[in-house]
Amino acid sequence: MTDILRILISPLVWLASFSAVYGLHGLICGHGIEGDVLGFPLQRVLMVAAYAAAILLQVMLVAGLSAQRFSSPSAFVRFVSRVTAWVGLVATVWSLLPVVTTTYCL
Amino acid sequence: MKALERHRRMTETWASDPGFKGWFSTVSHTDLGRMFLVTAFFFFLVGGILAMLIRAQLATPHSAFAGPEIYNQLFTMHGTIMMFLFAIPTFEGLAVYLLPKMLGTRDLAFPRLTAYGYWCYVFGGSMLLFSMLFGIAPDGGWFMYPPLTGPLYSPGINTDFWLIGITFVEISAIAAAAEITVSILKYRAPGMSLDKMPIFAWYALVTALMILTGFPPLILGSVLLEVERAFGLPFFQAELGGDSLLWQHLFWLFGHPEVYIIFLPAAGVISTVLPVMCRTTLLGYGWIVAAAVALAFLSFGLWVHHMFTTGIPHMGLAFFSAASTLVAVPTGVQIFAWIGTMWKGRPDLRLPMLHILGFFITFVIGGLTGVMVAVVPFDWQAHDTAFVTAHLHYVLFGGFVFPILAGLYYWLPHFTGRLRFFRLGELAFVLIFVGFHVTFLAMHWVGLLGQRRRISTYQPEDGWTVINLISSIGGFVVALGIGIVIIEVILHAVAARRSARNPWGAGSLEWAMLTPAPAYNFASLPHVTSRNPLADNPDLAVELAQGKGYLAAPSRWRETLTVEVASGKPDYHVIYPGNTRLPIVMSAVTGIFFLSLLVKFYWTVPVAVIGVAVLAWRWVWELGRKDDLPAQSIGHDVELPNTVAVDHAPGWWGSLFLLTANATFFGSLIFGFAFLWTVAPGWPPPVWFEPSAIELGLGILGGLVAVVAMRLALRANDRARSPLPMLGVAFAGTLAVAAACGLLMLRTPAPAEHAYGATLLVMGGYGLFHAALVSLMVVFLIARVSRGFTSPVRRAEFPIVVLWTDYLALVGAFTLLAAHLTGYLA
Ligand code: HEM
Ligand SMILES: [Cu+2]
Chain A
1 MTDILRILIS
11 PLVWLASFSA
21 VYGLHGLICG
31 HGIEGDVLGF
41 PLQRVLMVAA
51 YAAAILLQVM
61 LVAGLSAQRF
71 SSPSAFVRFV
81 SRVTAWVGLV
91 ATVWSLLPVV
101 TTTYCL
Chain B
1 MKALERHRRM
11 TETWASDPGF
21 KGWFSTVSHT
31 DLGRMFLVTA
41 FFFFLVGGIL
51 AMLIRAQLAT
61 PHSAFAGPEI
71 YNQLFTMHGT
81 IMMFLFAIPT
91 FEGLAVYLLP
101 KMLGTRDLAF
111 PRLTAYGYWC
121 YVFGGSMLLF
131 SMLFGIAPDG
141 GWFMYPPLTG
151 PLYSPGINTD
161 FWLIGITFVE
171 ISAIAAAAEI
181 TVSILKYRAP
191 GMSLDKMPIF
201 AWYALVTALM
211 ILTGFPPLIL
221 GSVLLEVERA
231 FGLPFFQAEL
241 GGDSLLWQHL
251 FWLFGHPEVY
261 IIFLPAAGVI
271 STVLPVMCRT
281 TLLGYGWIVA
291 AAVALAFLSF
301 GLWVHHMFTT
311 GIPHMGLAFF
321 SAASTLVAVP
331 TGVQIFAWIG
341 TMWKGRPDLR
351 LPMLHILGFF
361 ITFVIGGLTG
371 VMVAVVPFDW
381 QAHDTAFVTA
391 HLHYVLFGGF
401 VFPILAGLYY
411 WLPHFTGRLR
421 FFRLGELAFV
431 LIFVGFHVTF
441 LAMHWVGLLG
451 QRRRISTYQP
461 EDGWTVINLI
471 SSIGGFVVAL
481 GIGIVIIEVI
491 LHAVAARRSA
501 RNPWGAGSLE
511 WAMLTPAPAY
521 NFASLPHVTS
531 RNPLADNPDL
541 AVELAQGKGY
551 LAAPSRWRET
561 LTVEVASGKP
571 DYHVIYPGNT
581 RLPIVMSAVT
591 GIFFLSLLVK
601 FYWTVPVAVI
611 GVAVLAWRWV
621 WELGRKDDLP
631 AQSIGHDVEL
641 PNTVAVDHAP
651 GWWGSLFLLT
661 ANATFFGSLI
671 FGFAFLWTVA
681 PGWPPPVWFE
691 PSAIELGLGI
701 LGGLVAVVAM
711 RLALRANDRA
721 RSPLPMLGVA
731 FAGTLAVAAA
741 CGLLMLRTPA
751 PAEHAYGATL
761 LVMGGYGLFH
771 AALVSLMVVF
781 LIARVSRGFT
791 SPVRRAEFPI
801 VVLWTDYLAL
811 VGAFTLLAAH
821 LTGYLA
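These protein sequence lines are chains A and B, in that order.
Reminder that position 105 of the first sequence reads as 105 in UniProt numbering, one-by-one numbering, no gaps.
Reminder that position 525 of the second sequence reads as 525 in UniProt numbering, one-by-one numbering, no gaps.
Just so you know, not all the hints are guaranteed correct.
Partial selection, computed: residues in chain B whose CB lies under 10 angstroms from chain A [claimed, not checked]:
#1 285
#2 291
#3 296
#4 301
#5 677
#6 793
Derived from the structure by calculation, the hints contain no laboratory data.
Using N, Cα and C, we set each Cβ at its ideal position, and we do this for glycine too.
Please model the entire structure based on the sequences and the hints provided.
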């Protein structure tokens, strides 16, 4: 079961963070959250912070699953879990990229 | 013992009841897999006939063939039948039939559950067929958007048939998915570690996990919409704090993964059949597994691309557009792995291979138009036109029907033990392939010219006439091709020559047995050391029949073994239940429950619920034993404990995955609550819930007490003390949760007047239901302890109840906090 988890964890975390960022976006726009931090609009700051946190999490997963300590004894599972870890990272960077490129509540 | 003698004795133990009556009591995965497939194919024909009626109507402008009311029913039922009654059950049937054979074991994890799922499917499907025969079929389109399908605009019973019938069928999907998951993880031949699993099993595992997490949002949506229609709780009515967009979210949260739930098993068939057709092995096994996992997850992050035209802010759209383009990558990885496999091998244009090529061409085109509609501005133009219908058929027909036809021809010798004799299949393939592309290329075109989908008629001035006629002719050519397939299959079953054991020269285990398959699959279970055991040892079938594997001694029980998930090391000895009519009776009683809701005959609802509870009690009661079974020898000097004497019995695993589905359901409910709160107009509600620290404390504390008491009961049992006192405490704890949830329901402010109250009512109901369920389980355990079914050794039932109690405490606390805290906040 741990091996199955190793394979699933990174995409699972992607799904969770993707939904969370989308939810945060909904909250910000739904409740009209406004303000600014150091001259940047609060909405953008919140979104970018969430984006950064999501990426950081994925980087940690990639590092963890590549490290001897957390990886599987089975070569096959090691391989697959590292591929899915990279999938999680790439998916996070790419699918949440709009956080830094488009308008937020339009 | 001679192979023949072993065969005779094993058959005695494993055979279903003889004759036609045996259909109703069989729990054999071979029988049920066939029954699933035949029934699903029947529904494919029904859906196909509806497609022909659609195409007949659209063939000419001003067609008087069917009026708009009937036309609405036609396309709704066509889509619904194809998706829910053909595609998903075909996967279930294929997996049910094949998995134990491919994994080198004797049956699935829960044979009676297979039967229960099958009968739920049959009864639910019959409800929908019935509605069609009487002209009261659902007519709101296969995705049933409110407000069109709400009580105001669709007052008749049509929509209820969909919501209730499909939910009933969905039970079968969830049952099958839990079963398939546990079977793949635990029920394999000794030595079959994860990396030696046949690739089809990986696909089936991923698909089953997707069903467990993809279907609950739809079930929730259906429940809410039905409750709105029957009792007026306004979940989807904007004036009363609801939001029809909530339905779209819930539906597509299911609906997009559904597309991959359909595609992945088909890809599994391709990955299995293609290497055999190319006389080689699959290229990039690990990459394919990773791609399947990636595809499964990514597909859950795409649902909003069906909602690009609903006015969602740009950033939201961009997220889903980006994620949608991303799925092309794992799909591409698989395609390249297949191309590489063909490159590496020597492709042989036998019939399954033709269908695989048909798949390639069609699916790649469908994928490309998919990327087109993933681009938001393009989608704004193409949305709800025939272009989208054409795209989805390229993906569904190309991605599912062609592979399944390949699989049909590939495994037909396995089903019947015969080889194809008449060469009709090649002709059928050409007709289907050409007909399909004529039909749907034309539909792309007419869609770009502006023809909307779901219109029953159009004007000659629109300029769509010729194209539609061509498309319809193509449709009839496909039908002709399918007709020839049917004729060939029938001829095949009655008049073809016997086949040798492994006619394709495949390497996977399902061919290491007699065909048609004996009731017990393998006379003795193989020890697997590679991914293609039969290729390594062509004599394997004979050796297994001679009893050289595990569990070779015939016994009066139906026996098999389970393995450790990762390593494939044997861990437990399993005794299966025998033939029984319990599943069909229980699904009939479940059917009474749904039927009562449908015809609003509410006093039979509690009768049916109690009926199901009583039957479920019997179901579990029949398992287990009153004496401690010593460790069982499985041959080759290995002894295993029986599953009554372990911490994580199959029932525990089954519960774990059922709870996964259940938690998704609950999570979707919470999501719905949050969504309405933040997005729906018409908030805040006029009255808030009156919070109460006493009720909140009662519920949360009750849950905690139950959790602790169950653990203490388990520990007492392990140490040979009586667990009864602690079980009593646990029971009291569950009652406290029930009371708190019940009070929440009673005190919910005006549920019919605002979605806030309506949601709290449903959440309270969910908590109450689970409290009742878990208290029943605790009572069951008390009865088991008192009747001597448990001992320090026979302890397997405790951890299962512990698991459910933990779940209850969690969802109970969540529900109560959601209700009371919102009260405090306001
Ligand atoms: C020869 C085979 C088929 C033909 C000729 C055909 C034809 C059609 C046509 C013309 C429509 C559009 C109706 C309209 O919008 O007015 C349609 C809708 C649809 N079809 Fe098919 N179809 C075929 C097979 C399939 C298969 C195999 C599947 C799924 C596995 C499928 C799933 C659907 C779905 C989901 C819809 C949408 C229904 C709706 O709009 O609610 N079809 N089909
Ligand atoms: Cu989609």
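Under the constraints set out in the numbered hints, which ones does this structure not fulfil?
6
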